[in-house]
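Enquirer: Here are the chains, one letter per residue:
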Amino acid sequence: MYWCFASKETILCFFTLILIDVSHPDWSKINKHIFILSEAGKPIYSRYGNEEKLVTIMGVMQALVSFVQDSDDTLQSLVAGNRKYVFLVKGPLILVAVSSLEDSVPQLQLQLTYVYHQILSVLTGAQLEKIFEQLRNYDLRKLLGGTEKFLHNLLDMMDRDPSFFLESVQCLPIPVHYRDSIASSLQHAKTKSLVFAILITENQLITLVRPKKYNLHPADLHLIINLVNASTSFQSCESWLPICLPKFNDSGYLHAHISYLSEECPACLVLLSTDKDAFYELAESREKIIKRLTVKSNCIPVISEAITTNKYGLDYIIGSEIWHFLYKSKTYGQFVSPKCRPPYNTVEEQTRLQELYKYLHHRMHASAKPLKLVYRLRSQEALLGWISETFELYAVFNPLVSKTVAIGNVKRLMAIIKQEEDKLFIVNARTF
Amino acid sequence: MAVREIKLCLLGDAGVGKSSLVLRFVCDTFNACSESTIGASFMSKTIEVNEQSYKYQIWDTAGQEKYRGLAPMYYRGAAAAIVVFDITREESFHTLKDWVKELQQLGPPNLVMAIAGNKSDLDEMREVSSHDARTFADSVDALFAETSALTAKNVLELFVEIS
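Taken in sequence, the protein lines are chains A and B.
So the first sequence is numbered by the UniProt record's numbering: it starts at 1 and just counts up by one.
So the second sequence is numbered by the UniProt record's numbering: it starts at 1 and just counts up by one.
Next up, chain A with everything else stripped away, as it sits in the complex:
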């Protein structure tokens, strides 16, 4: 429930604003800030600036949260001026997002949940609880040292990449018979302790093999993708590290063997095991997989080509009428979108495009009044959102096209996606 106590809220919020403005002269240029603090108000992380210098603001945030907690309620969000303040209390942590972007409150809450999961992936929920049970005043930065880059990268990705608010993953488009033989190679390398075998490239999934009993939640997969994306230290060696996947099991670690297929191929193989001593076993699995991919099916050049040229994607659909789109298949829990072309070829424009999608997504999913179909004409583009039983479509058009032409385009797009479905999505789920 939303906390509503206008006068005090306004006063406290006013304080927060003043404090933030004073401590950060560039604050006006920042459109989304994220803070993490402990329940005792100790700074843990700040997206911008030095968290050490933000002790006072974090103190105010902690006071706001505990003030509301005292009346057995939960502070979820505040709005002050053009900024939203969203709070998430998870276990012993308080996470705060301050945003002047289009993100809705539920979208910001989801982002904070991802941030929380990122911390769990390093520490596990069990360890986090234990640390603060023993010492309420603990400085968590000691244990998170070296992993700040994963938080930074995650936050940047969430501003650019629709996977997060769509809660699904994007696949690398490749012909189905190649994908099948890649998956078979992974299946053949099964060992006793191997749970998931995943092949990814940048932010796209190539294939995934899992046990019959377990699914890999997209939120967990995003953590793995973020891990691989945020670090260059996995290149040219085999890495072995513990990782907690909170949706799979938030109280324990899995152990990840991470390596690239070859110097030339930017596809990263992640093998997850339940056994912390299984490195050599998985290194052997990796050898087998690479051998099979090279000798038996010659898939590695196909993967490289699909990554560099985007040969099998839907880029050709983009033209003078339809400028960009996101299509999420609810059946497969995956989405597809073309590469950004002009006018969306700069970082600023790409961020603005994401803002449009977030706005559209929120309009359609607003809990008070969910919508099936939305058409909006904005000064720079026309927006269309369409949700059915099996898909969600978000598209942007040239603002000068008529509704009829836009709908004609959408029909054509849907027909092509249907026709190329097995290339765009992982349609055959593989298990060990």
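One or more of the hints may lead you astray.
Simulated pairs of lysine-lysine, DSSO-like, Cα-Cα distance not exceeding 30 Å [unchecked claim]:
(1) Lys-55(B) to Lys-190(A)
(2) Lys-101(B) to Lys-276(A)
(3) Lys-66(B) to Lys-149(A)
(4) Lys-101(B) to Lys-130(A)
(5) Lys-149(A) to Lys-32(A)
(6) Lys-247(A) to Lys-212(A)
(7) Lys-7(B) to Lys-288(A)
(8) Lys-247(A) to Lys-66(B)
(9) Lys-276(A) to Lys-45(B)
(10) Lys-97(B) to Lys-130(A)
(11) Lys-276(A) to Lys-66(B)
(12) Lys-192(A) to Lys-55(B)
(13) Lys-192(A) to Lys-66(B)
(14) Lys-142(A) to Lys-97(B)
(15) Lys-153(B) to Lys-97(B)
(16) Lys-101(B) to Lys-142(A)
(17) Lys-291(A) to Lys-423(A)
(18) Lys-55(B) to Lys-288(A)
The hints are simulated quantities; they were obtained by calculation from the structure and are not laboratory data.
Quantities reported herein were computed from a predicted structural model and do not represent experimental measurements.
Given chain A, work out where chain B should sit, using these hints.
Expert: This is chain B only, laid out in the frame that chain A set:
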């Protein structure tokens, strides 16, 4: 000719240059903005010394505190361990002493230990004297070298000496 395998692990405080030493040895390069290692990484390299081939299997571990509990897994099966400190940071020399103690107590009995004082190119910022480091290395029966992953000084020599 038979290839001799040497299982080796690197230990030491965060930021002392363990990964940079490995990178210098394996690829003979240096990356000024290298990132901190997550977990541990595994690399191998074969070299020839006096007509004998040695295959080094190297575990490069992360120095951060939270990964400390994982270290036994890497040194337990190792034939040699290189414990690294940064000559410009005295604190890293204290951490090194803890590592040496741990290896003496829990490491395998025949483990060859080497101590590397890295960043020897930054002599003007030195906080740990060569003499102190060498005396300590002698007292624990470890090999000792002052290395620089940046200039490559003593890096190959150190790895060869272990063989």
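Enquirer: Please verify whether Lys-276(A) and Lys-66(B) have alpha carbons no more than 30 Å apart.
Expert: holds, 15 Å
Enquirer: Mind checking the alpha carbons of Lys-97(B) and Lys-130(A) for me, to see if they're no more than 30 Å apart?
Expert: holds, 29 Å
Enquirer: What's the verdict on Lys-142(A) and Lys-97(B), does the C-alpha distance respect the 30 Å limit or exceed it?
Expert: Given that 30 Å is the threshold and the Cα spacing comes to 21 Å, the pair holds.
Enquirer: Check whether the Cα positions of Lys-149(A) and Lys-32(A) lie no farther apart than 30 Å.
Expert: holds, 17 Å
Enquirer: Given the hint that Lys-55(B) pairs with Lys-190(A), test it: the Cα-Cα distance must not exceed 30 Å.
Expert: holds, 28 Å
Enquirer: Can you confirm whether the C-alpha distance between Lys-192(A) and Lys-66(B) stays at or below 30 Å?
Expert: Distance ~27 Å between Lys-192(A) and Lys-66(B) Cα, so the pair holds.
Enquirer: So if I understand the rule, the pair passes when the alpha-carbon distance is 30 Å or less; does Lys-276(A) with Lys-45(B) pass?
Expert: holds, 24 Å
Enquirer: Would the pair Lys-247(A) and Lys-212(A) pass a check requiring their Cα atoms to be no farther apart than 30 Å?
Expert: holds, 17 Å
Enquirer: Between Lys-55(B) and Lys-288(A), is the straight-line Cα distance small enough, at 30 Å or below?
Expert: holds, 21 Å
Enquirer: Does Lys-101(B) pair with Lys-276(A) here, judged by a C-alpha cut-off of 30 Å?
Expert: holds, 24 Å
Enquirer: Lys-66(B) and Lys-149(A): Cα distance at most 30 Å?
Expert: Within the cut-off at roughly 16 Å; holds.
Enquirer: Going straight from one Cα to the other, do Lys-192(A) and Lys-55(B) come out at no more than 30 Å?
Expert: holds, 28 Å
Every hint, counting from the list given before, is met by this structure.
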